[in-house]
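Between the sequences and the hints, there should be enough to build the whole structure, so can you do that?
Protein chains: 4
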Amino acid sequence: MIIERIVSDGLAHNSYLIGAGGEAAVIDPRRDTGVYLDLAEQHGLAITHIFETHRNEDYCVGSLELAEKTGAQVLHGAQMDFTYGVPVRDGDEFSVGPLRLRVLETPGHTDESISLVLTDTRVSRDPFLVFTGDALFAGDVGRTDFFPDRLGEMAGKLHDSLWKKILPLGDGVIVCPAHGAGSVCGGGIADRPLTTIGYEKRTNPALDMDRDTFIRFKVAERHYYPPYFAVMERYNRAGPPPIPARTPRPFSPDEVAGAAAKGALVVDIRGPSAFAAGHIPGSLSIWQRGISSFLGYYADYTHPIIFVDEFDCGVTDAVVQARRIGYDLISGYCAGGMTAWARSGRLIGRCGTCTVHEVDATRYILDVRDIDVRKKTGHIPGSAHIYAGQIEGHIDEVPRDRDVYVICDSGFKASLAVSILLRHGYTRLTTVLGGMTAWMNAGLPLEKEVAPLMGAA
Amino acid sequence: MIIERIVSDGLAHNSYLIGAGGEAAVIDPRRDTGVYLDLAEQHGLAITHIFETHRNEDYCVGSLELAEKTGAQVLHGAQMDFTYGVPVRDGDEFSVGPLRLRVLETPGHTDESISLVLTDTRVSRDPFLVFTGDALFAGDVGRTDFFPDRLGEMAGKLHDSLWKKILPLGDGVIVCPAHGAGSVCGGGIADRPLTTIGYEKRTNPALDMDRDTFIRFKVAERHYYPPYFAVMERYNRAGPPPIPARTPRPFSPDEVAGAAAKGALVVDIRGPSAFAAGHIPGSLSIWQRGISSFLGYYADYTHPIIFVDEFDCGVTDAVVQARRIGYDLISGYCAGGMTAWARSGRLIGRCGTCTVHEVDATRYILDVRDIDVRKKTGHIPGSAHIYAGQIEGHIDEVPRDRDVYVICDSGFKASLAVSILLRHGYTRLTTVLGGMTAWMNAGLPLEKEVAPLMGAA
Amino acid sequence: MIIERIVSDGLAHNSYLIGAGGEAAVIDPRRDTGVYLDLAEQHGLAITHIFETHRNEDYCVGSLELAEKTGAQVLHGAQMDFTYGVPVRDGDEFSVGPLRLRVLETPGHTDESISLVLTDTRVSRDPFLVFTGDALFAGDVGRTDFFPDRLGEMAGKLHDSLWKKILPLGDGVIVCPAHGAGSVCGGGIADRPLTTIGYEKRTNPALDMDRDTFIRFKVAERHYYPPYFAVMERYNRAGPPPIPARTPRPFSPDEVAGAAAKGALVVDIRGPSAFAAGHIPGSLSIWQRGISSFLGYYADYTHPIIFVDEFDCGVTDAVVQARRIGYDLISGYCAGGMTAWARSGRLIGRCGTCTVHEVDATRYILDVRDIDVRKKTGHIPGSAHIYAGQIEGHIDEVPRDRDVYVICDSGFKASLAVSILLRHGYTRLTTVLGGMTAWMNAGLPLEKEVAPLMGAA
Amino acid sequence: MIIERIVSDGLAHNSYLIGAGGEAAVIDPRRDTGVYLDLAEQHGLAITHIFETHRNEDYCVGSLELAEKTGAQVLHGAQMDFTYGVPVRDGDEFSVGPLRLRVLETPGHTDESISLVLTDTRVSRDPFLVFTGDALFAGDVGRTDFFPDRLGEMAGKLHDSLWKKILPLGDGVIVCPAHGAGSVCGGGIADRPLTTIGYEKRTNPALDMDRDTFIRFKVAERHYYPPYFAVMERYNRAGPPPIPARTPRPFSPDEVAGAAAKGALVVDIRGPSAFAAGHIPGSLSIWQRGISSFLGYYADYTHPIIFVDEFDCGVTDAVVQARRIGYDLISGYCAGGMTAWARSGRLIGRCGTCTVHEVDATRYILDVRDIDVRKKTGHIPGSAHIYAGQIEGHIDEVPRDRDVYVICDSGFKASLAVSILLRHGYTRLTTVLGGMTAWMNAGLPLEKEVAPLMGAA
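Protein chains in written order, with our numbering: chain L, 1 to 457; chain U, 1 to 457; chain B, 1 to 457; chain X, 1 to 457.
Please keep in mind that the hints were generated in silico from the structure rather than gathered at the bench.
Hints should not be assumed to be uniformly reliable.
[Claimed, not checked] Here are the computed lysine-lysine pairs in the DSBU-like style, where the Cα-Cα straight-line distance is at most 35 Å:
1) Lys164(B) / Lys448(B)
2) Lys69(L) / Lys69(B)
3) Lys164(X) / Lys262(U)
4) Lys376(B) / Lys201(B)
5) Lys69(L) / Lys262(B)
6) Lys69(B) / Lys201(B)
7) Lys262(U) / Lys201(L)
[As the list claims (entries may be wrong)] Reference excerpt, derived from the structure (chain L facing chain B, CB under 10 Å, subset only):
8) Ala40
9) Thr70
10) Arg125
11) Asp126
12) Ala181
13) Pro248
14) Pro250
We treat Cβ as the ideally placed atom computed from N, Cα and C, and that holds for glycine.
Written as structure tokens, this is what we have:
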């Protein structure tokens, strides 16, 4: 039996290929499907089934593309009217060689969410493993906030899915969730690549509440909803367009400047200090590994994107990440990287950097971390807060006539926020390197909000 | 948390790298250690600990080599006097970043066998995963026949290790064994890459016996003991020699012939039909993926080895496999493969092939399968049996004056047996393509031994 | 300056990527264009120009596909009315960064053939290198037999192209031809990856003749014209269809048998002895590396193809080779290779093998080598001749009531011929392993035709 | 015939593998010899000969290591008493399959320098290709300044080697030199991967002088001699030590700080702006691709080295480059890169950056380019000059009480110079991004030295 987990790093997204006896199924494929084809070929497996545990919001699914390449059937939960594929319902079973996949409808994250129970008919009828999608993660459960007017209802559904469908499978069943640590689909997903029902029952805080407490907890929970989610939802219901044939190409500095003048978005994928000391004016600062997490907050789908790196070595990966969230209008990259731009004699943007020891508490300190993290760990006394993904909508809250120190967890999101502020004409900006992690490691003073994370009433 | 399983295919051997927080441990490394270094580098982990669950018999351990490359400490069970490394005892704990590995002494397969319980201190003190070495496999348990005069004692020890140490860890604990399906270290290892204690308790037949039944079962069990095991045991107690610097080189047909004349062993790594229709006279037939399973039955460690393939494409892998079981005296390979030999105008050996439909029941039919498989599935009426790995010791049982049809499971081991018989001057030999699998698929008649697999008394 | 030669092995086809200063040109791209995109990305080059030295006959060009992926312009000779791309004429110049490519019209192989002279404007106006397409090879010149009624005219044109256009560039100019040793586009191409005009002038036999001798020599020359050439010519004039999305998939033996019954062609890509001792009945024997050379003789474009290997490891390459010559209807491969078929208990085909020492001169000996090779090197006394690619059209020449020994150079083409004869019901067939190479190495008697290679009158 | 050029990027060093008929020779192998073994295996070639065109000064040769792995013979010029290998003399010939390599003694760069003329005996006795070592490059010739008291003598020897040995081989002979553009072994090596004698005769400026002019030109030429050259010379005469087994490991920020306190050299391999805005105090700034060019100026061989990158992705390459020039005492790298350091809350170093438009002409402007480039292209009026590799020896020339703008070609060497000045306590430092390339592209004023590059008398 082959069980392969395929991780899409920036998204912390897990897809899976399982197979035996010449056949394979893929669960929640991403859009760049070569990895599944390669694995299937390597193991001599024909991909016969493609399951989607739900219509994903945070990336483009690859089901249609993979189906076209393999002839496999696409299957998803019946509680949504997808324009492609075949609906499945609780109890439906599918054979993949000697393996069986049985559908559990496990709504809560969304209405059409399903889980898939794997049994090996060569061994027994006992469940061996369950693909839980966004219902159950290692150390967390799925978010239930996609329907603002049905918060309690969805939380209740998730509770029932967990307690009535998934947990009864038995402690010894292996759990393969759709996301790992770092995903925007769960706030506290733990850092372990797989888990079991038994281990989750013993250690997952969300499974240690009664139904009412669970619902109250989930209703109070806040998660960000990046604007690109709406595009993904539309794409994934109808099947996203195929990845375009045109490959990104190198641009000379002149071409970069020309494209930018016509509306192309230049995205600088270097780290915070490189960006601070010299960048293409107007560029957005999103470090390479953050592309699939943050590009969707600020890039629209109608303007071309041009990447710039220090030595171009991260560009290929950036393109892959951007395409995973549907950005197909990627023109290219600045050939020779930032150095080529600098050599061209053109203007260069800059901002300040400082360590946590140099932060001047009398200035305007802007904390751009996730609000939950800010609440949980505390913040710099007197600091303001706007999430890095929401700067543009709150731009007027940031004073133009003061020195602004921008801080996040490590420095990357701060650099993104600084780049947005620079695009709006701000000039007195400093990125705090090392962020609140450095602040806390240096033992500097913290302030905590009095209000609890979850309201009592 | 990183959990990587590294499979050495022919041996069905699992080694593991686990890590978090910048540190990693490797469990039961093989001799070609590049894979561990690459994984550690890729994840930014320093390998700090190397554990051996026991002194392995079926391959050369890579602990010393890996320790030299990383500075890590080698740790193994205290119940054997290894000439290197540090002995560990029940309850000893080791930190690998935020992870803990706790030693369970789990004798039975050998006296010094240990298991390692993994906990994640960031989450809880509950056990998350256990590395069981050769104590517990998916669907089977370790063999207990290495001390012929202590069969019952070792079986009892294994039972106690399982029931008193491993199973009590809890159903939800993930089990990572040292071998997978196909290993010579267990007769019935199931085809799943990992398992849990709960799933094994529900499905593993060896866990469904009381202590006495278990002991009787294990005492009655038969396993083969290839001659090279003795070399591995000596190597692994003292630490095997480093892999030699000299790389195998291409040989012209003249050089192959010259080397063979001086005692080099020519090993033909093609399939049964290719070997049958034309091979270098005197060569041993071991298909590429069977090198690490069967070379150790017939190759000694003092004569050079030369591989021959159809197009050379499998030679690199054959060399890796041979080195994993300590064959360092590999001179090279026949450049241009069997075609080059044929083009040279030299003599070529041949034998017959036939399908199961063409087997003549009046001739001498030699079944070379594992005796347990023969007993379990039945055999061709009237067929004789010698295991493929033991032909040389039983050569006189095979008649020289009759047509001999050699059959195994699929044809590979039959080809090996034929090649041994050819080396002893036999001429009237036919390899049955497709083996007993074809025989059974064709619905041809089977005979079963009356005696049960496990004696009643 | 980047100069990369990309070799398509079976076809002995050379394509090239050259670039500098951020731009690149590709000469004669093949259909699987990933290699050009990867090279361009690795060197930070935008592919801006795609040149075709002529409408190729022996493979599908990748110009349209590469143009779609890069936006580059496709350019070819003006003397053919291609339905895509831009015609170029003698003296036209194109800038690729600081490099210049100047067109030389060099007809002879075809009317629209061009060569491309590379100069580096950073250095001098002197020619540095010339891409000669099928005009000039290392050790040979292009074939001129595509227009049977214009043989002398085309040979004369080629002579003029060589002597008036290419050779005058100067001895020190590097020559990059479109084919290397082993191509069907030239009988005597030498085994060197590149050459110079000076070296060719000193060593190329075709350049050592006056115009009349050259024309007589070329007019007398014979080359094979595989049926698929006609398809390639049609494809390449209009632009071939894109490579289909559907990937070949594993077939079970049942599925292979079912597909074959409906007309699928099973192609066995193993070597001659493997095929001889056991193959799927009805399969065609074309060794893996011979797919792009020989599939086009016997496979049509309307029936699906299924490959079978010993262990599947060569299937991917076989698919690539088949696609390079336009075979898009590839269903898949026999999962688990020939062993899986044998294990299924189905019937297996066989033929005999022998060494050259065992060839019985009183039987029918069929020589299937290239006729030119047969003439040049001599043949077995009394042997008949049909080229391996033309067996089907000459099937009646082979006696059904005699033992037939089939021989070629090494054994591969003999196995192909045997497989064709088997498909036509022949049974008394033996493949001579090692072929005429073995025959000559063994010092066995040869006969030579009296007639010279090139007729005097 | 296989001709493979293997480029060691930072060093712009070319080594070659040539082979045919089952045998291969390697010319000037580098120390990490895997690439040669892989190529030989891929083509089925046994490496039988290893040639050194001379005792190299700029990198560790891999001859001994490769000889140990292959059993090949090491051969070098007779005019130096190497402690290993076999001396060869003018006219000596070596067979590599059907190829011949004939020795030409071509002193000038060094006394023992040889060239190797390749002929293909299957074709003719005419020379096909020549490996010229450091005698003749594309567009340049080797430096002749290694014996300061024999400048004229060596230049004369080189002239004779070129005119009497190499050029007479004929215009059509391909030239394969030991270095490409960017090497420290020649000031004006052109950007083309290979060349011919004919093309060099037409375009190489050094071949357009009479003997006296040539000698005057070479005697006047200046080249830098990095301190590590002396180590390489000692190593290469005796055979360098094998690459150590111990692999570099990840260091936590604490460990980096601890090691640095004990004398380890921290080398920051990011670009100039990343370094400027935040670096580990005391670290040396050498961008990744500059390691093999500049580490040898400032790192000694007795202190450990620790690399720091932005995301660790360049560390592996940095280690390879450092080992190529003999740095074996590489402890590791800062795990998690500069971000991990920042997150630790430790102090961070900084310096300024500016564009060429912001350079204040009234400040101290320090030009750290190669002096030849400064002379050839002109410089900023009033700027001082110290070569980036020689800052430490001229540290007192740089004022401590003034703002210092450091400029080079693009910014990399300036960053190196700044890092040296920072280590000496300078604080008022600004790296000019884009360097003189930007300056010239921006059309800013230049000053040229009156003195010609080559003295008239």
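Okay, the hints, checked on the actual structure:
{"no.": "1", "hint": "Lys164(B) / Lys448(B)", "in the structure": "violated (38 Å)"}
{"no.": "2", "hint": "Lys69(L) / Lys69(B)", "in the structure": "holds (19 Å)"}
{"no.": "3", "hint": "Lys164(X) / Lys262(U)", "in the structure": "violated (50 Å)"}
{"no.": "4", "hint": "Lys376(B) / Lys201(B)", "in the structure": "holds (24 Å)"}
{"no.": "5", "hint": "Lys69(L) / Lys262(B)", "in the structure": "holds (23 Å)"}
{"no.": "6", "hint": "Lys69(B) / Lys201(B)", "in the structure": "violated (40 Å)"}
{"no.": "7", "hint": "Lys262(U) / Lys201(L)", "in the structure": "violated (66 Å)"}
{"no.": "8", "hint": "Ala40", "in the structure": "holds (8 Å)"}
{"no.": "9", "hint": "Thr70", "in the structure": "holds (7 Å)"}
{"no.": "10", "hint": "Arg125", "in the structure": "violated (25 Å)"}
{"no.": "11", "hint": "Asp126", "in the structure": "violated (28 Å)"}
{"no.": "12", "hint": "Ala181", "in the structure": "violated (31 Å)"}
{"no.": "13", "hint": "Pro248", "in the structure": "holds (9 Å)"}
{"no.": "14", "hint": "Pro250", "in the structure": "holds (5 Å)"}
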